[in-house]
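**Student:** Those protein sequences? They're chains A and B, same order as listed. Going by our numbering, the letters in the first sequence line up with residues 33 to 116, in that order. Going by our numbering, the letters in the second sequence line up with residues 101 to 255, in that order.
Hints are computed from structural coordinates only; laboratory data are not their basis. Glycine is no exception: its CB is placed at the ideal position from the N, C-alpha and C atoms. One thing to keep in mind: the hints can contain errors.
[Unchecked claim] Once the Cα atoms are required to be at most 27 Å apart in a straight line, the calculated DSS-like pairs of lysine-lysine come out as:
#	chain 1	residue 1	chain 2	residue 2
1	B	K177	B	K158
2	A	K98	A	K114
3	B	K177	A	K112
4	A	K98	B	K177
5	B	K158	A	K70
6	A	K43	B	K126
7	B	K126	A	K110
8	B	K126	A	K98
9	A	K98	A	K116
[Stated by the list, open to error] Cβ-to-Cβ under 8 Å is the rule here; a few derived chain B residues that face chain A:
#	residue
10	R113
11	D115
12	S116
13	G122
14	F123
15	K126
16	L127
17	W150
18	E154
19	G165
20	E168
21	Y169
22	A172
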Amino acid sequence: MENDELISRLKPIVGMYAQDKLALESLNLQTDFIKDLKINSANLVDVVLDVEEEFDIEIDNESMEKMLNVQASLEIIKVKIKEK
Amino acid sequence: MIGNDLVDLQQARRDSNWMRRGFLSKLFSELEQLYIMLASEPFEMVWLLWSMKEAAYKVYNRDSGLREYAPARLNCKLISISPTAYLGQVRINGCTYHTKSQIFTGNYVHSVASTSSFNLDGIKVSLYPLASNIDYKAMKPACVSHHGRYLALIF
Numbered sequence: 033m034e035n036d037e038l039i040s041r042l043k044p045i046v047g048m049y050a051q052d053k054l055a056l057e058s059l060n061l062q063t064d065f066i067k068d069l070k071i072n073s074a075n076l077v078d079v080v081l082d083v084e085e086e087f088d089i090e091i092d093n094e095s096m097e098k099m100l101n102v103q104a105s106l107e108i109i110k111v112k113i114k115e116k
Numbered sequence: 101m102i103g104n105d106l107v108d109l110q111q112a113r114r115d116s117n118w119m120r121r122g123f124l125s126k127l128f129s130e131l132e133q134l135y136i137m138l139a140s141e142p143f144e145m146v147w148l149l150w151s152m153k154e155a156a157y158k159v160y161n162r163d164s165g166l167r168e169y170a171p172a173r174l175n176c177k178l179i180s181i182s183p184t185a186y187l188g189q190v191r192i193n194g195c196t197y198h199t200k201s202q203i204f205t206g207n208y209v210h211s212v213a214s215t216s217s218f219n220l221d222g223i224k225v226s227l228y229p230l231a232s233n234i235d236y237k238a239m240k241p242a243c244v245s246h247h248g249r250y251l252a253l254i255f
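Could you put the whole structure together from the sequences, leaning on the hints where they help?
**Tutor:** Structure below.
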């Protein structure tokens with residue numbers, strides 16, 4: 033799966049929890065979930081759970097620790113899809 | 101070094117569904133999940149443990165400079181429970197932080213964390229409504245936490 037497609041499926045998920053909607057509009061690889069989108073840290077786990085459902089993958093805790101921005105999330109999603 | 105964390109319980113109820121499948125197992129250890137299951141108010145226990153982790157993480161993060169999302173690796177232990185406070189410990193990567201938490205049912209949960217158990221009682225907490233336009237940076241707090249309707253400063 034290409035980055036563009038992954039991002040188009042990731043964006044509505046993070047959009048559910050993003051408090052900075054302007055940062056959401058300009059979402060790119062460098063966008064940080066907490067610093068830019070102002071996602072509440074307690075909601076990061078919801079992003080991870082929603083990503084698991086959307087892509088039908090399982091994200092272990094070690095991978096979850098790195099899911100703080102778009103780039104890292106895409107890499108983890110790609111790895112987990114390959115492992116399926 | 102000290103840190104704090106406040107959870108507005110009304111905001112948490114709106115923003116998170118702690119009973120969602122996978123929520124507890126991704127955030128909490130088996131012991132912590134046991135505390136939650138055995139609590140008379142599981143919802144409050146979820147956010148009490150969460151605020152302990154966040155308060156300890158703020159101190160750990162300042163010490164180590166590491167940034168990661170590893171709530172399950174911050175291991176909470178409750179040492180004593182009294183009507184006025186929950187005393188506990190949070191461990192991560194060989195570091196231990198001592199915590200003191202309070203639950204104000206229906207309103208908020210607040211935790212403070214320190215590298216030493218001795219100065220926990222000396223920590224002064226100031227609570228403000230978030231809407232108030234106070235210049236809190238000028239007050240030079242040791243740590244700041246804001247959530248929902250509240251702003252909590254510690255000194």
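**Student:** Hints first: check each against the structure and report whether it holds.
**Tutor:** These are the hints, each one checked on the structure:
Under the criterion of a C-alpha separation no larger than 27 Å, the hint pairing B/K177 with B/K158 is consistent with the structure, at around 18 Å. A hinted pair counts as satisfied when its Cα atoms are at most 27 Å apart, and A/K98 with A/K114 qualifies at roughly 18 Å. This hinted pair does not check out: B/K177 and A/K112 have alpha carbons roughly 33 Å apart, beyond 27 Å. For a cut-off of 27 Å, the pair hint linking A/K98 to B/K177 stands: about 25 Å separates their Cα positions.
Pair hint B/K158 plus A/K70 holds up; C-alpha atoms about 17 Å apart against a cutoff of 27 Å. Proposed proximity of A/K43 and B/K126 is supported: the alpha carbons are some 22 Å apart, at most 27 Å. As the CA atoms of B/K126 and A/K110 are separated by approximately 20 Å, the hinted pair is consistent with the 27 Å bound. Restraint check for B/K126 and A/K98: the C-alpha separation of about 14 Å stays at or below 27 Å, so the hint holds.
For the hint pairing A/K98 with A/K116, the CA-to-CA distance comes to about 20 Å; that is within 27 Å, so the pair holds. Given hint, B/R113 at the interface with chain A, is violated; its Cβ is 12 Å from that chain's nearest Cβ, farther than 8 Å. Below 8 Å, beta-carbon pairs count as interface contacts, and B/D115 has one with chain A at about 6 Å; its hint therefore holds. Interface restraint check: B/S116 against chain A, minimum CB-CB distance 5 Å, threshold 8 Å, status holds.
Satisfaction of the interface hint for B/G122 is found here, the shortest Cβ-Cβ separation to chain A being roughly 5 Å, below the 8 Å cut-off. With its C-beta approaching chain A no nearer than about 6 Å, B/F123 sits inside the 8 Å limit, and its interface hint holds. Restraint check, B/K126 versus chain A: the minimum CB separation of about 5 Å is within 8 Å; hint holds. With a cut of 8 Å, the hint placing B/L127 at the interface with chain A holds, because the nearest CB-to-CB distance is about 6 Å.
The beta carbon of B/W150 comes within 6 Å of a beta carbon in chain A, closer than 8 Å, and the hint placing it at the interface holds. Look at B/E154: its Cβ gets to within about 7 Å of chain A, closer than 8 Å, so that hint holds up. The criterion of a C-beta within 8 Å of any C-beta in chain A is not met by B/G165, whose closest approach is roughly 15 Å, and the hint is violated. The criterion of a C-beta within 8 Å of any C-beta in chain A is met by B/E168, whose closest approach is roughly 4 Å, and the hint holds.
Here the hint on B/Y169 is kept, as its CB sits about 5 Å from the closest CB of chain A, short of 8 Å. Contact between B/A172 and chain A, as hinted, is supported at the beta carbon level, the nearest pair being about 5 Å apart and thus within 8 Å.
Hints 3, 10, 19 from the earlier list are contradicted by this structure; the remaining hints agree with it.
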